[in-house]
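Based on the provided sequences and hints, a complete structural model is requested.
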Amino acid sequence: MEHTLKINLFKKLFKIRTVEETIADKYTEWEMRCPTHLSTGQEGVAAGVCQALEDDDFVFSSHRSHAHYIAKGGDIRKMIAEIYGKSTGCSAGRGGSMHLIDKSVGFLGSTSIVGGTIPLAAGVALSVKLKNSSQVTCTFFGDAAVEEGVFYETINYAVTNKLPVLFICENNLYSVYSPLSVRQPENRNIFEMVEGIGISVDHGNGNDPWEVFEKSRNAVGKIRELQIPIFLEFSTYRWREHCGPFFDNDIGYRTETEFLHWKEKDPLQFFENMLLEQRVIDESQIQSIKAGIIDEVNEAFQFAHDSDFPDFTGIQNSVYHS
Amino acid sequence: MEHTLKINLFKKLFKIRTVEETIADKYTEWEMRCPTHLSTGQEGVAAGVCQALEDDDFVFSSHRSHAHYIAKGGDIRKMIAEIYGKSTGCSAGRGGSMHLIDKSVGFLGSTSIVGGTIPLAAGVALSVKLKNSSQVTCTFFGDAAVEEGVFYETINYAVTNKLPVLFICENNLYSVYSPLSVRQPENRNIFEMVEGIGISVDHGNGNDPWEVFEKSRNAVGKIRELQIPIFLEFSTYRWREHCGPFFDNDIGYRTETEFLHWKEKDPLQFFENMLLEQRVIDESQIQSIKAGIIDEVNEAFQFAHDSDFPDFTGIQNSVYHS
Amino acid sequence: MRKLKFSQAINEAFEIAMQINPNVICYGLGVDDPKGVFGTTLGLKEKFGKDRVFDTPASENAMTGIAIGASLNGIRPVMTHQRLDFSLLSMDQIINNAAKFHFMFGGQHTVPITIRMITGRGWGQGPTHSQNLQSIFAHIPGLKVVMPTTAYDAKGLLLSSIFDDNPVIFIEHRWLHNLESDVPEGDYRIEIGKSKKISDGFDLTIVSMSYMTVEAIHALEILKKSDIHCDLIDIRSVKPMDWTTIFHSVKKTGRLLTLDTGVGQGSVSSDIIAEVCHNCWSSLKAQPERLSLPDMPTPTSPSLTKHFYRRSEDIINIVSKMLGKDLDGYALIDRDGLPHDVPGDWFKGPF
Amino acid sequence: MRKLKFSQAINEAFEIAMQINPNVICYGLGVDDPKGVFGTTLGLKEKFGKDRVFDTPASENAMTGIAIGASLNGIRPVMTHQRLDFSLLSMDQIINNAAKFHFMFGGQHTVPITIRMITGRGWGQGPTHSQNLQSIFAHIPGLKVVMPTTAYDAKGLLLSSIFDDNPVIFIEHRWLHNLESDVPEGDYRIEIGKSKKISDGFDLTIVSMSYMTVEAIHALEILKKSDIHCDLIDIRSVKPMDWTTIFHSVKKTGRLLTLDTGVGQGSVSSDIIAEVCHNCWSSLKAQPERLSLPDMPTPTSPSLTKHFYRRSEDIINIVSKMLGKDLDGYALIDRDGLPHDVPGDWFKGPF
Ligand SMILES: Cc1ncc(C[n+]2csc(CCOP(=O)(O)OP(=O)(O)O)c2C)c(N)n1
Ligand SMILES: Cc1ncc(C[n+]2csc(CCOP(=O)(O)OP(=O)(O)O)c2C)c(N)n1
Ligand SMILES: [Mg+2]
Ligand SMILES: [Mg+2]
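In order, the protein sequence lines correspond to chains Z, W, D and G.
Residue numbers for the first sequence follow the numbering used here, so the first one is 1 and each next one is one higher.
Residue numbers for the second sequence follow the numbering used here, so the first one is 1 and each next one is one higher.
Residue numbers for the third sequence follow the numbering used here, so the first one is 1 and each next one is one higher.
Residue numbers for the fourth sequence follow the numbering used here, so the first one is 1 and each next one is one higher.
None of these hints come from the bench; they were simulated from the model.
Being a predicted model, the structure only gives us computed values, none of them experimental.
A few of these clues could be false.
[Unchecked claim] The calculated lysine-lysine pairs, modelled on BS3-like cross-linking and capped at a C-alpha distance of 27 Å, are: (1) G:K285 x D:K252; (2) W:K26 x D:K306; (3) G:K252 x D:K285; (4) W:K131 x G:K50; (5) G:K285 x D:K251; (6) W:K162 x G:K50; (7) W:K162 x G:K45; (8) D:K47 x Z:K131; (9) D:K251 x Z:K162; (10) D:K3 x D:K47; (11) D:K50 x Z:K162; (12) W:K263 x D:K35; (13) D:K3 x Z:K131; (14) G:K306 x Z:K26; (15) G:K321 x D:K321; (16) D:K251 x G:K251; (17) W:K129 x G:K45; (18) G:K321 x D:K251; (19) G:K45 x Z:K26.
[To be verified] Covered by chain G, according to a simulated footprint, are these stretches of chain D (three or more residues, beta-carbon under 8 Å): (20) 119 to 126; (21) 142 to 150; (22) 278 to 288.
Note that beta-carbon positions come from the ideal geometry of N, C-alpha and C, so glycine has one too.
As structure tokens, then:
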């Protein structure tokens, strides 16, 4: 059981990494023509949290959504096709990288407005409660999203009404190029501040996927049992530029040293080593898992590339549902 | 010194009470044709806080603004005239009861959107800092205003940037007819929650004007010295209906018992008794102060009543400053 | 037939909707309080319980997002703002999320939410409690915007809005709440996007909305006495707009007057003129005109609102001018001493 | 004369404003970062210090209220949104406070704030990163709304906006940032509310804004070859509007085409038609027309945006039709293989 969990978790991590890095590779072909925020370096949070969720639990995400989509089990062919703007894309080419969806696995959507999906998660949780279901709704967001009033309003509401929501804050220290210091009080931990609003909180190392998983499993269990919201903060770091395929440690908003420090803490490598040490898996199994995923990812890109572009004709009739 | 302070504080309290109750008396003449939120019962907070401010400190307020305007020293003739919609009103008849202003005493304005003036106070504080002045900016708001995201965003910003603002929350237990229980988590004190955001806080009995004054004086002193924001919560109770001149304990959202409990704690009577006990003042002095204020208030109503209505002609040219 | 007030009709629509569909919920500041939002939500909590009818914190943006989220999982939330002005705090959720989710996720989501917003005029509501901003919502693709005038329409349109799979902004003018009309019992729907012809005539087409239709009806009664007969179209929904009916009428009369409860600039009443020019050009006998609020914030004093708002008198004057007559609306209408800033005797401020 | 890019002109306007008035401050997400909001704010922090040029939390509503508050005490804040869409979080402060403070407090307050908002098209900005919502702001009494097209105008209008005592929404189209024009050194101002005549002709009046003026200029070059000559008016500010120039031109040409970067419904381009009908009726020789975006959210895929946005080709076609000719814009313009979703070679997404 735990064995399978660990292997699945590893697969999630590697799949996210592979997709993101392949996008980075191919981006300068300029065929993916939309703003794209990569999650390389942050895979631990997405994978660990989603590993703790059931298939029919719900997930929302933000602009940096690929990892969450993939970790929840979203179809990567449809995701890559969406980024390529193809009709086979998960949003039929209308949404792009920032607007992913795969309802079949409970991934209800990602959007580009910072904080925008936070109240949506509370709303789904409200619906779940009304329907007497035991599903958990999870929403992922960054350290800047907690600066939006809507975050606070949502936490207040979720606590007052005991909504089964899991709030996941990925603190990667930056909002675009802005460090936390210009945005939030010195020496104030996000999770402590949020606890003051009245919600149960925990925090952990986002680059340790197993820790993320365990804390999330614990939280999800409590949410289901007690019908309460929980907030988790995980520290992590994005490797590449905020938006786009390049590295940008040279432009001055952060240091190469800081980057290298965090690269050392690579969640994928960390977890791979852990599995090897724990003998959950051996090197050759790892290679074969990797090879399988690489094939799958390459096939997804091929699929996306080969798919047709959507037709404008008739699309004006899809603004409203009828 | 303390003697004079106490007498001034008493004057403020009695003036607010007299104005509010006179409005209530005359409201059913239907000559004051605008929504009007009375502060009867809540005088202690307005008077105590403003007593701790200097003339050139700034104040903002909300829909329930009469008390703050009067306590800061605003011209009551202009205030009553504004409520009567007259050209001599403090806003030339354009604003009504919810939009009062008296810049000559630093009362920069009240507005009707819950939470709407909270960031304005932080903005004025920013300007004060840029101009190297030592003024304090104070904003009054109710227990519902802390539910608005803009409150949280403002506190976060004020703390991060050490803005000299005094945030005053008058917790009167209700937002219109809604008790705190349907709006905020059980067993969560507002001031404790707000402290979590990183700001210094204190709280006290809003119906003890002297306690309000002392806590405010202390806060104002710290704000000036340390250039930091401070949040104070005072518990209090409104006697009359949310909006309008009547009592409404009969309609069911609160009990007569609760009302009587709070009426016992009348801040005006409490303070009058305190001054008499402390021999700051004797009964006949009190009577003469009251008589003076009653005259002043009656004169203000007469002035408002006798003033002309504003002319529509030309008013379209006052939408923009040129 | 049975007569109901507009506010009772809203209340009845809620009751029917909640009865026939357990997924309909009703929330917003004060919906379960003793006043029940001008009577429109009275009794609902008692009938349907506090899980489906509830008060909320003053957190407009989050509460809107919560409605959207719930709707993605099959709930049909109806949210109420006692003043349209408060909804400005939630423009992000309305415009960036509600209006776009169906389209931008390739049709996989529907957002069946209804947001009631109450607008008004008079009684010193002033600059921040009386804005009629329907045109802002009408500018946003993906939203529907409904503005019923009669109690009959209020009920039928609210039912249609609640069961529409798209986000609907449902705007109620406070001055209509006490007006009565025939209202059938039970469930009936009025199609969103269909206008109502209120009167017929060959002289001119008046396209009106919400409370302005009431003023127009008064005006038309007076105009009839001078043998002036107009088509009066109550558009009922501002988005989508019933172009067919409007064009048909203008092609008949050749003259167009639009009445708006809001400011003219960037308004749906300008659109009506632009679209009519595009579609009925050769039928137009005279320049189309627009009667809307002056481009300024609402003043508070009654002496100012008196000249700020448009009334039957102004409609008579503009119609008369468009037809080359010289009627004087102010001389023709006797308001019998009723103050201009209340809809009727029943209204005793402050709300 | 010296040529500058639009983005450099904005930068220079900032520099001059901050030099001549110590009360001017510049803030917003990323204004002091290495990219400096597409270059527009580069170097300002170094020159004027971090008290006057600073980054902020992602708290749009509070930061707007803070700008208003500071402005009440003599500061002239310029706030920047990298996308107009983000400003929807601050509609409450913009509409309920900024737009009304001067009027509703009897003229005692002024609110000299400027809010820069960047709009765009193409490169997959999609539904929530490319909304052109100028018409919403134009609907609000008390706001001014400015949309410069050239570098010259950008500088002069930004300086005027900063020193205007009213709240100004300053909208920059991302596709203009790299366009160059003659820009004088030093301080000069362009009056807000005055349009610019870009070309003269007797056949038709085109009233355009922002990036659409660039498309119009291309179209007019082609049209000239077929001996079609138009008045092209770049309105530069959407509110207040330069009616005098528009009416004067339409009285001359008798024909009106409005170009809008946004959706048509509830738009300023509808207003222009409505006002022209009201004021120039007898001069109109044909029905006025409007070229605007279809009433739908912006799609993301390049294959969809290709048909969503309006280009020179479409302008040629509509002008041709209005004049009863049969030119085919798509045949007449050769885009030389440049993709339709970027403004030029310099643009390499994603922003
Ligand atoms: C309301 C809003 N404001 C600003 C932006 C611009 N923006 C896009 S991503 C981003 C950074 C958000 O930082 P964080 O939440 O920490 O997420 P991260 O990018 O670090 O994953 C910003 C400010 C936006 N999309 N929405
Ligand atoms: C944004 C907004 N939402 C709702 C309202 C309606 N409203 C007016 S006063 C009020 C109550 C506010 O309660 P509180 O802040 O506690 O102040 P109190 O009236 O108790 O003094 C409400 C909800 C409003 N004015 N603005
Ligand atoms: Mg971050
Ligand atoms: Mg209260």
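>> Going through the numbered hints above, which ones does this structure break? Give me the numbers in ascending order.
In response: When the structure is compared with the hints, numbers 9, 13, 15, 19, 20, 21 turn out to be violated.
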